[in-house]
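Engineer: As they're listed, the protein sequences go chains A and B. In this text, residue positions in the first sequence follow our numbering: the first is 283, and each later residue adds one. In this text, residue positions in the second sequence follow our numbering: the first is 1263, and each later residue adds one.
Hints were generated in silico from the structure; no laboratory data involved. The reader is advised that the hints may include incorrect statements.
As the list claims (entries may be wrong) - Under the rule of at most 27 Å between Cα atoms (straight-line distance), these lysine-lysine pairs were calculated in the BS3-like manner: (1) B:1490 / A:755; (2) B:1510 / B:1618; (3) B:1595 / A:792; (4) A:792 / A:597; (5) B:1595 / A:755; (6) A:755 / B:1400; (7) B:1457 / B:1490.
As the list claims (entries may be wrong) - A few chain A positions that, by computed beta-carbon distances, are all more than 12 Å from chain B: (8) 677; (9) 834; (10) 884; (11) 952; (12) 958.
Note that beta-carbon positions come from the ideal geometry of N, C-alpha and C, so glycine has one too.
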Amino acid sequence: MDMRRPPRTVSDPKVRQVGFVTPSGAPPTRSLSDAPTTVAAVASAASASSPPSGEISLPGSSLSPVMIPPPRHASSDGRPSAPVAVPNPASSLRRESLRIRVGSYNASEVVLGTPPSASPSSRTDNAASEFSEETMSPWHGRSGTAKVASSFPGSTSEMIVMKTGVGGGGGAGSTPKSPLTTASVVKTLPGISEKEREVLMGTQNDGAGVSKTLKEKTTKAERRAVQEAQRAAKAAAKEAGAGVKPSAASGSAVVANTKQGKIVKPPSQKKDGPQIAPPSGSSEKKVVDRPPEKDRKKDVPAPRMQFDDKHRVEKAKRRAVVNQFEAKNRVELFRHLPQYIHGTQLPDLEGKFFQLDPMHPSVYKVGLQYLSGQISGGNARCIAMLLAFREAIRDYSTPPEKALVRDLTAKISSYVSFLIECRPLSISMGNTIKFLKNRIAKLPDTMSESEAKYSLQSDIDRFINEKIVIADKVIIRHAVTKIRDGDVLLTYGLSSVVEMILVYAHEVGKQFRVVIVDSRPKLEGQVLLHRLVAKGLNCTYTHINAISYIMHEVTRVFLGAASVLSNGTVYSRVGTACVAMVANAFRVPVLICCEAYKFHERVQLDSICSNELGDPDVISKVSGRQDLNHLDNWADNENLQLLNLSYDATPSDYVSMIITDYGMLPPSSVPVIVREYRRENLWI
Amino acid sequence: MRHVTRKERREIRFFRCGGATSRPNADAPTSSPDSIMEPNPKPNHGISAYYQTRAEHHAIISGDWLSQAQAAAAAGHPPEEPPASAAASKPFSVIDEFNHWRRKPDLAEAVAAIMALVAGIRSSDATTMMELEIELKKASDALKSWDTTSISLSAGCDLFMRYVTRTSALEYDDFHAAKLRLIERGEKFGEISLKARRTIAMLGQDFIFDGCTILVHGFSRVVLEVLKLAASNRKLFRVFCTEGRPDKTGLRLSKELATLGIPVKLLIDSAVAYAMDEVDMVLVGADGVVESGGVINMMGTYQTALVAHSMNKPVYVAAESYKFARLYPLDQKDLEPALRLIEFGVPIPAGVEIEKSARDYTPPQYLTLLFTDLGVLTPSVVSDELIQLYL
């Protein structure tokens, strides 16, 4: 990964300069927005400039536009003068928006603020990059921080830190700086004024020098002075010649002004130095910034591990309880997914039972059930997990000298990682774990252990009841209104909600017929068929191959979902997309039944980037057909790769309606539900 | 907490108040004589009361409708206040009340529903908020079941009920204060409705550009308002009106537009595709806007939208936000059937069936934008607004 980054970053220096600049580069951003020079000019200047030290410039360039930290210093520093003379409206606007983003981020941070957890386990190995990560974090959205951090080679971290320091200097005074920052700032100090003067002289004509020089000095006062100068220059220019071309006269005026301003600079800079870096600052910063960061890492139970990343896989292996075997003949496009490993680890795991002292037996049991496939289906897995956690919490006692909140969170995390090893988490489980951890984190300190445990257990019960059981009832009630007499309903695979809907509709006396479409290798539809026929429903059973034949007689398609993503994409058992697409082509409405706790704010456009691989063997063999043995030794043939995907993504175009516990919605409204109720879900 | 406040704001937006209670505009030219002659028609089975009223208000019943209407206007409106003694003498009936308000040609159905509910509050002798709420719930259920085909009616009831529950839950400890507040707000609703129409006209007329040709299907007060405002802003455009069988709503609209000096051409309903080449945009009203973002409107809207869509012409819908309803039809048949009498002018041969449905459902993918008093929305925003309002 590290190897991949630098070239890319170097290749696009312009982006870097326009967005924000290297350590001392923070000021240039400022000057950028205020200087009368055009952005383009500055950009070219910047790319032309030779930074004082190579390692500084490199990381600077390594920041992609996405990672641009809003120039905090600019927001606060520029406050007095910002509205006055901003010749380039576009840039001022941009700064405005950035400032807003900072604010909102902080606000959310406060809301989400969770107690700091001190366990170093989740920290990145590379201390430097970790540091950069935590310093960077406040400026990026919640997502992707980990990636950002890891993308910086160790050497680059210094620069980031510097930037952070500079940025923070202007920001709220409370923001502590790292000692590193000051050091580097001070180091760059001496050279500045000289160089700057020169460059500034040159600046007015071609604009080339500005960013370069400014890059090297840092303080508020300096920047203000420059700004002042530029403002004056602009005014002068306007008066002089209708502002068509800044004349030479105005240029000299600027230089003069700048010189005046510079006198102020050095002292203020010195003053800034000590302010910026109280030694306690860095530690405080850690406390302030890391928890959310770590929290994030833990909360989102990293379903996105890239399995084609060797380092990470190695690391994961070392930690793993479950033996990981290298899967053979991996499919190229899906290498990044956790490869399916043959069921051999089951006995192995069973043997380990007594070694795994930290694992609660009930969690262990659930894990094995996941592994063996005894429990499958979003709701079932989720409930099983919750019940296991509930038992684990019941049997939990805080070890001496530890806080329940932290220790239990760590415990749950270890359980979760065990479960992930057994089978990748579903999105519903991820959301549920998020909920549980939130509850733990929100436990008041005053609460006694038994009370806390009791409250958590009842929270779990309530979650199961409200978000799953009752939600299903509501969904059923809504869905039944869409079933008319004489309908032919088609469903695919086995969805617990759809089954309940069909049974209920039958019970209330609706006259309808059901078409159950099934597919290899799971043949879950047979389970549904069995149950429905036992209840006396009129059913037709077919395989997905016949979907286009059967669709013309169907009037409604009811489908379950593993998750609904915020662009309306439905993530569900593989084959669902096909059914939905055919239904759409036949103008048959497709109704997705999904509890709102399975909604996720992620956006996914295909089934490739996040999916789960199943056992490739099961698609090579057909039970009961000994004659179909052509693929018997498929693993020996390197040219043959079998792909057994578990899920697929159905684009929202094919979905007519999503039935959730909040009512019947178009797929375009999923983000509204996520936005309006996510917090509520977490808090209940 | 945060989203509660947001909803609250939304609520306020819906109930934003102006001045006094609205009264039917005296200059509204039509008050059809039929409605006066037949004071309280129960919807005979199968026939949609909503569409009957619409026909009475918007359709041309005879050739000299204008003189008739003027005569009716001269004769004066029916008494505006509900008979105060009625409450005392006989048990209060919310349906009678609703029918009374419904007669007024310039009053939207949702407003009439809210007026009826307000009258219900006034005559109620409940002593607690809970009691009042239950009573109101009953009244609104009665209203809704009285005419299941009217979307504005149920939307109006829902909206008001929503407001009642919010109010009682939130601010007022004193029951009487709360009651008065409810009455006041309800009475202002008519005002709000008119204001909404003006807002929509302001927003909508921006989309009308000089030299454009607009195809209008059905008669809608909002659409008329938009066109009126555009014309008064000296925009030069022409309008194609569909005939609008069986109510001949197009005749009424074309007459109104002609008096404003807007060039109008009348098309028969089947000429929509023929004329679509020349058309720059389609503008329709709506009986209801449903959760998917689609609209329910007079029969023929769907085909007009389909034709426009296939020719890449924009389809705009002008509708007040109180017409947003928590309905989600999946297809045409997924609606409560709203039937109406259709006259063909000649005897129908025995054994021939007649499609009597008065409305159809236009799915959101065929609509371009909705002009509402909440702003110009894409169809998918409708559901967001509904979620924020009702959840």
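Engineer: Confirm or reject each hint.
Structural biologist: Verification of the supplied hints:
{"no.": "1", "hint": "B:1490 / A:755", "in the structure": "violated, 50 Å"}
{"no.": "2", "hint": "B:1510 / B:1618", "in the structure": "holds, 15 Å"}
{"no.": "3", "hint": "B:1595 / A:792", "in the structure": "holds, 17 Å"}
{"no.": "4", "hint": "A:792 / A:597", "in the structure": "violated, 56 Å"}
{"no.": "5", "hint": "B:1595 / A:755", "in the structure": "holds, 26 Å"}
{"no.": "6", "hint": "A:755 / B:1400", "in the structure": "holds, 25 Å"}
{"no.": "7", "hint": "B:1457 / B:1490", "in the structure": "holds, 15 Å"}
{"no.": "8", "hint": "677", "in the structure": "holds, 36 Å"}
{"no.": "9", "hint": "834", "in the structure": "holds, 15 Å"}
{"no.": "10", "hint": "884", "in the structure": "holds, 19 Å"}
{"no.": "11", "hint": "952", "in the structure": "violated, 10 Å"}
{"no.": "12", "hint": "958", "in the structure": "violated, 5 Å"}
Violated hints for the displayed structure, listed by number in ascending order: 1, 4, 11, 12.
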